[in-house]
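**Q** As a plain string of letters, each chain reads:
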Amino acid sequence: MMLDTPETPENAEDAPAEEHGDHGHHADEPSYLVYGKEKGFASFLKSWLITVDHKRIGIMYLISVLLFFAVAGFTAIYFRWELMTAAPDVMSGDTYNKAFTLHGGIMVFLVIIPLTPAALGNFVLPLMLGAKDVAFPKLNLASLYVYWAGAALLVYAVLGGGFDTGWTFYTPYSTTAQGPITWALLGAFTLGFSSIFTGLNFIVTIHKMRAPGMGFFRMPLMLWALYATALTQLLATPVLAITLLLVAMERIMGIGIFNPDLGGDPVLMQHFFWFYSHPAVYIMILPAFGIISELVAVHSRKRIFGYGAIALSSVSIALIGFLVWGHHMFVSGQSELSGVVFSFLTFFVAVPTAIKIFSWTGTMWGGSVRFNTPMLYTLSFLFLFLIGGLTGLFLSTMATDVHLHDTYFVVAHFHYVMASGAVISFLGGLHHWWPKMFGTMYNETLGKIGAIIIFLGFNLTFFPQFVAGSRGMPRRYHEYVSEFEGMQYMSSIGSFVLAFGLVFVLCYLLHALFKGKPAPDNPWGGVTLEWETATPPIEHNFHHTPVCVRGPYDFPEIDESLGNGHH
Amino acid sequence: MAHAHADDPNRPEWVAHFFHSKEQQLSAAKFGMWLFLAQEVLFFSGLFCAYVAFRWMYPETWLSGADQLNKWMGGLNTLILIASSFTMALAVRGAQTKSPTALKVNLLLTILFAGGFCVVKYFEYSHKFHLGIFPADHYAYEGSTGLMPIFFAIYYCLTGLHMIHVVIGIGFLSWLLFKTQKGRFMDGNYAYVENVGLYWHLVDLIWIFLFPLLYLVK
Amino acid sequence: MNRNPVHHSAGAAHADGEHHEHIAPLSMYLGVFGALAVLTVVTVGVSELGIPQPYSLILAMIVATMKASLVVTFFMHLLWDDRLNSVVFLGTVIFVAIFFALTMTDLLSRDFLNPEMGNYVMLEEDKARWNECMETKTYDECRDKLPRGWSQANPDAVDGHHGAEGDHGAEGDHGKAEGDHGKADDHGTKSDH
Numbered sequence: 001m002m003l004d005t006p007e008t009p010e011n012a013e014d015a016p017a018e019e020h021g022d023h024g025h026h027a028d029e030p031s032y033l034v035y036g037k038e039k040g041f042a043s044f045l046k047s048w049l050i051t052v053d054h055k056r057i058g059i060m061y062l063i064s065v066l067l068f069f070a071v072a073g074f075t076a077i078y079f080r081w082e083l084m085t086a087a088p089d090v091m092s093g094d095t096y097n098k099a100f101t102l103h104g105g106i107m108v109f110l111v112i113i114p115l116t117p118a119a120l121g122n123f124v125l126p127l128m129l130g131a132k133d134v135a136f137p138k139l140n141l142a143s144l145y146v147y148w149a150g151a152a153l154l155v156y157a158v159l160g161g162g163f164d165t166g167w168t169f170y171t172p173y174s175t176t177a178q179g180p181i182t183w184a185l186l187g188a189f190t191l192g193f194s195s196i197f198t199g200l201n202f203i204v205t206i207h208k209m210r211a212p213g214m215g216f217f218r219m220p221l222m223l224w225a226l227y228a229t230a231l232t233q234l235l236a237t238p239v240l241a242i243t244l245l246l247v248a249m250e251r252i253m254g255i256g257i258f259n260p261d262l263g264g265d266p267v268l269m270q271h272f273f274w275f276y277s278h279p280a281v282y283i284m285i286l287p288a289f290g291i292i293s294e295l296v297a298v299h300s301r302k303r304i305f306g307y308g309a310i311a312l313s314s315v316s317i318a319l320i321g322f323l324v325w326g327h328h329m330f331v332s333g334q335s336e337l338s339g340v341v342f343s344f345l346t347f348f349v350a351v352p353t354a355i356k357i358f359s360w361t362g363t364m365w366g367g368s369v370r371f372n373t374p375m376l377y378t379l380s381f382l383f384l385f386l387i388g389g390l391t392g393l394f395l396s397t398m399a400t401d402v403h404l405h406d407t408y409f410v411v412a413h414f415h416y417v418m419a420s421g422a423v424i425s426f427l428g429g430l431h432h433w434w435p436k437m438f439g440t441m442y443n444e445t446l447g448k449i450g451a452i453i454i455f456l457g458f459n460l461t462f463f464p465q466f467v468a469g470s471r472g473m474p475r476r477y478h479e480y481v482s483e484f485e486g487m488q489y490m491s492s493i494g495s496f497v498l499a500f501g502l503v504f505v506l507c508y509l510l511h512a513l514f515k516g517k518p519a520p521d522n523p524w525g526g527v528t529l530e531w532e533t534a535t536p537p538i539e540h541n542f543h544h545t546p547v548c549v550r551g552p553y554d555f556p557e558i559d560e561s562l563g564n565g566h567h
Numbered sequence: 001m002a003h004a005h006a007d008d009p010n011r012p013e014w015v016a017h018f019f020h021s022k023e024q025q026l027s028a029a030k031f032g033m034w035l036f037l038a039q040e041v042l043f044f045s046g047l048f049c050a051y052v053a054f055r056w057m058y059p060e061t062w063l064s065g066a067d068q069l070n071k072w073m074g075g076l077n078t079l080i081l082i083a084s085s086f087t088m089a090l091a092v093r094g095a096q097t098k099s100p101t102a103l104k105v106n107l108l109l110t111i112l113f114a115g116g117f118c119v120v121k122y123f124e125y126s127h128k129f130h131l132g133i134f135p136a137d138h139y140a141y142e143g144s145t146g147l148m149p150i151f152f153a154i155y156y157c158l159t160g161l162h163m164i165h166v167v168i169g170i171g172f173l174s175w176l177l178f179k180t181q182k183g184r185f186m187d188g189n190y191a192y193v194e195n196v197g198l199y200w201h202l203v204d205l206i207w208i209f210l211f212p213l214l215y216l217v218k
Numbered sequence: 001m002n003r004n005p006v007h008h009s010a011g012a013a014h015a016d017g018e019h020h021e022h023i024a025p026l027s028m029y030l031g032v033f034g035a036l037a038v039l040t041v042v043t044v045g046v047s048e049l050g051i052p053q054p055y056s057l058i059l060a061m062i063v064a065t066m067k068a069s070l071v072v073t074f075f076m077h078l079l080w081d082d083r084l085n086s087v088v089f090l091g092t093v094i095f096v097a098i099f100f101a102l103t104m105t106d107l108l109s110r111d112f113l114n115p116e117m118g119n120y121v122m123l124e125e126d127k128a129r130w131n132e133c134m135e136t137k138t139y140d141e142c143r144d145k146l147p148r149g150w151s152q153a154n155p156d157a158v159d160g161h162h163g164a165e166g167d168h169g170a171e172g173d174h175g176k177a178e179g180d181h182g183k184a185d186d187h188g189t190k191s192d193h
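Chains L, P and S, in that order, give the protein sequences. Using my numbering, you'd call the opening residue of the first sequence number 1 and step up by one each time. Using my numbering, you'd call the opening residue of the second sequence number 1 and step up by one each time. Using my numbering, you'd call the opening residue of the third sequence number 1 and step up by one each time.
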């Protein structure tokens, strides 16, 4: 399914005077992956490390994030192995506590939050906007280095004995427990700034650097999603920063703001924490919505159903996300009235989310759906996220939450939304943009097999956890009553399948990276601007400023007015 | 690298290759700074929220807490900070009117006022330390009642965090002064001056609320 | 989605070059500085008058908001700036308001549906006042002597704190009262209380 890149001769004339340096074909210039290579390896490496090119920064983010994903994954396998049996046989309780904290902390702060915005988003955002870079390229690089610094602090905390507070750092345990918790707090504090820098950059880039002709309502939905994500990153993360700073100060100096002995209030800490961490859930899921919107439209060959509704629902999810944090605190000692208010407000999140799911399904209806790898991930996302979303309603109902709180039901719920939301959609997006990123095609058959293994492994891992949780299996226990052994055993087997699926995907993608067939400029027939440039893109993305002449989903074969006919 | 723009005679040297025009670059820089300030406001809001929470929980402690603070010193510092904001605004005006002398003099005055703020704060802090008024756990002052440690925890966190911002601000201002001395900012590219100015006004803004909340209200 | 007139999202709107530079007269800056100084003197002066509690707070906050508005509008150029920057600033204020409002909803209503819940700490003074009242009056008459958020259904809960004071002897003189830790359910972490 090959399409020519749209020709826009008259509009290129209209665009202001930057259209110099048109040297004909893209092939004249080396791609972003290789420029600087001719001067030897050391200077090539340096050209990567001090680059301000958003594409290279995105790739470096991708590598770093995947590295930590592997660490967190192995940790998960390790404690799933322990959980296969009811008795504690593989590790001590202490190690188990540290292992799940490590898994949660790494997955949240080091993997899922930067996964789609900072890795994929950095790569595609300026390309989709038709810009030559983000608004502040040096800040973008700084964000990566701050990420590495924060990661180093967290790694230091892990190597220095580990910490077992859970990723939430709840007081009073986090202020009284022994161990390198202060370093972990400072690590998460630092990582917050990396996230803020990325968000700030994206907001400015989207506001100020859209290609000529691209109004807000002509942006691809991925950009709307990244915009909503960036708003959340910018406005919520500073509150986490001050919270973690206060907890660290509590440990260092005993300032007492969260210490009830001195008149402080530990529930206040949870308010501060969830003011960030609930919106952070949307930092993880909104980019996923963006990816799915792209994938579902491009691979169904149909204009997206309800463009405006999807675009605005992203922003409204981001905003409503700031009003609902108290549903994490129904049993924390928060007032019952607050609980009722938060429970009520939480249901509102379901509305824009349902609008999205409905619109995606509507997009596929009557489209020419291609069942390729990105589409399989999309379908898998729709299925998994629907389960995750609907079980969220049980948990936002205060009365049922009191029963289900801190059980495996919650664990299963947030893996269905977070892991399916962020990881499955990321994998779909990675396969979708892989040809553009690396200029090679992966093996489609292996891709489909990988997607199916991951889908099956995922369900086998987490579905039994819903059952175990609703029957009362508490989370964070490494030794449990034997009734739950069957469910836990299934879940562990599922996690091994899931891990195998992920390793399988990694293997064929690495093979594709080095041995894959060269990819054409536009393998999927997308009409957003990133498909108009070379594959892989040149250093400055476009030879001339591209001009946006049509909506992001006006595929030629469905839009008669563009006259390209059918394929 | 700015291959696409190399031969545009109307394009100033300092416009980065990925911007269409200098207006785009300047408005992006300022918009970015405003977003950064939004982030700063929310960063401080955590402490202000703790202030509101504990003030509501322990109203009498808060009233007697304000008695421990020297409102004349706080008022003096408010005036100093307002004056520094004024000179900062004039410094930006100096850059707008392309007057290096106005820029330099006003930056220098701003730094001096900021230094003055730090000196007054130093006397305030050292007086409290002398009395044994330390944050929470280390609180050792015998002459007060109520939950004073928690009041002073909030006091030290708020003013301390603000102080850190003042010190960082002095760093930025000195850097601006140094660059002005080298002849920069006179070519219309004064986004740095404007943005440091915005930052400095925000530091002032936070103090404008901090001062009555901590020192005056009783 | 027809072709729109082609223009740069940011560039073309300000194509007249010096558009964004508004150079305000010196006199305006001086006037704003004067107003800020006067308002500072006023707010310190008013605090000397001894206006009773809620009104002095409201007054001080009104003055502070006026000062802040002056700084934002004139010193920070929002009056002449791109409207977008004002949107950012006002949006930030809204988010801070959400943060404060929902957090305080919890703190203000801890005893609203469940009178056994209250705040954690009761001051020595409050306890003394409570006990003094209870010597001569009934429980219901003394309820207003309790600190806010502490409307215990059971008066024994207050007396119960006397027993615990001994544990706190070392710190007792600055009035740290016993925390009612039982109310804070440290779910999800392993509390060592």
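Derived from the structure by calculation, the hints contain no laboratory data. Cβ atoms here follow ideal geometry from the backbone N, Cα and C, with glycine treated the same way. It is possible that some hints are incorrect.
With a cut-off of at most 30 Å between alpha-carbon atoms, the simulated DSSO-like pairs for lysine-lysine come out as follows [as the list claims (entries may be wrong)]:
| # | chain 1 | residue 1 | chain 2 | residue 2 |
| --- | --- | --- | --- | --- |
| 1 | L | Lys46 | L | Lys138 |
| 2 | L | Lys46 | P | Lys179 |
| 3 | P | Lys121 | P | Lys179 |
| 4 | P | Lys128 | P | Lys22 |
| 5 | P | Lys71 | L | Lys138 |
| 6 | P | Lys121 | P | Lys22 |
| 7 | P | Lys22 | P | Lys98 |
| 8 | L | Lys138 | L | Lys39 |
| 9 | P | Lys22 | L | Lys138 |
| 10 | P | Lys121 | P | Lys71 |
| 11 | P | Lys179 | L | Lys138 |
| 12 | L | Lys448 | L | Lys515 |
| 13 | P | Lys121 | P | Lys104 |
| 14 | P | Lys128 | P | Lys71 |
| 15 | L | Lys138 | P | Lys182 |
| 16 | L | Lys448 | L | Lys46 |
| 17 | L | Lys138 | P | Lys121 |
| 18 | L | Lys39 | L | Lys517 |
For each label pair, taking beta carbons as the anchor points, the in silico distance ranges come out as [as the list claims (entries may be wrong)]:
| # | chain 1 | residue 1 | chain 2 | residue 2 | range |
| --- | --- | --- | --- | --- | --- |
| 19 | L | Tyr78 | S | Asp140 | 54 to 64 Å |
| 20 | S | Met134 | L | Phe344 | 33 to 43 Å |
| 21 | P | His130 | L | Leu45 | 40 to 50 Å |
| 22 | P | Phe129 | L | Leu510 | 16 to 26 Å |
| 23 | P | Asn10 | L | Ser47 | 24 to 34 Å |
| 24 | P | Thr101 | S | Ala101 | 45 to 55 Å |
**Q** Hey, Lys138(L) versus Lys182(P), does the alpha-carbon distance stay inside 30 Å?
**A** 23 Å, holds
**Q** Decide if the proposed pair is consistent with the structure: Lys121(P) and Lys179(P), CA atoms, cutoff 30 Å inclusive.
**A** With Cα atoms ~29 Å apart, Lys121(P) and Lys179(P) stay inside 30 Å; holds.
**Q** Assess, step by step, whether the Cα of Lys128(P) is no farther than 30 Å from the Cα of Lys71(P), and give holds or violated.
**A** 14 Å, holds
**Q** Holds or violated: Lys448(L) with Lys515(L), Cα cutoff 30 Å?
**A** Judged against 30 Å, a Cα distance of about 19 Å means the pair holds.
**Q** Could one say that the CB atoms of Thr101(P) and Ala101(S) fall in the range 45 to 55 Å?
**A** Since the Cβ atoms of Thr101(P) and Ala101(S) sit about 49 Å apart, the hinted range of 45 to 55 Å holds.
**Q** Between Tyr78(L) and Asp140(S), is the Cβ distance one that fits in 54 to 64 Å?
**A** 60 Å, holds
**Q** Would you check the hint for Lys46(L) and Lys179(P), treating anything up to 30 Å between C-alpha atoms as holding?
**A** 28 Å, holds
**Q** Just to be careful, I want the Cα atoms of Lys179(P) and Lys138(L) compared with a cutoff of 30 Å; is the pair within it?
**A** Within the cut-off at roughly 19 Å; holds.
**Q** Within 30 Å, alpha carbon to alpha carbon, are Lys138(L) and Lys121(P)?
**A** Judged against 30 Å, a Cα distance of about 35 Å means the pair is violated.
**Q** Check whether the Cα positions of Lys46(L) and Lys138(L) lie no farther apart than 30 Å.
**A** 15 Å, holds
**Q** Take a quick look at whether Lys448(L) and Lys46(L) sit within 30 Å of each other, Cα to Cα.
**A** Answer violated: Lys448(L) to Lys46(L) is near 37 Å, above 30 Å.
**Q** Verify the CB-CB distance for Phe129(P) and Leu510(L) against the hinted window 16 to 26 Å.
**A** 60 Å, violated
Against the hints set out earlier in the document, violations occur for numbers 4, 5, 6, 16, 17, 21, 22.
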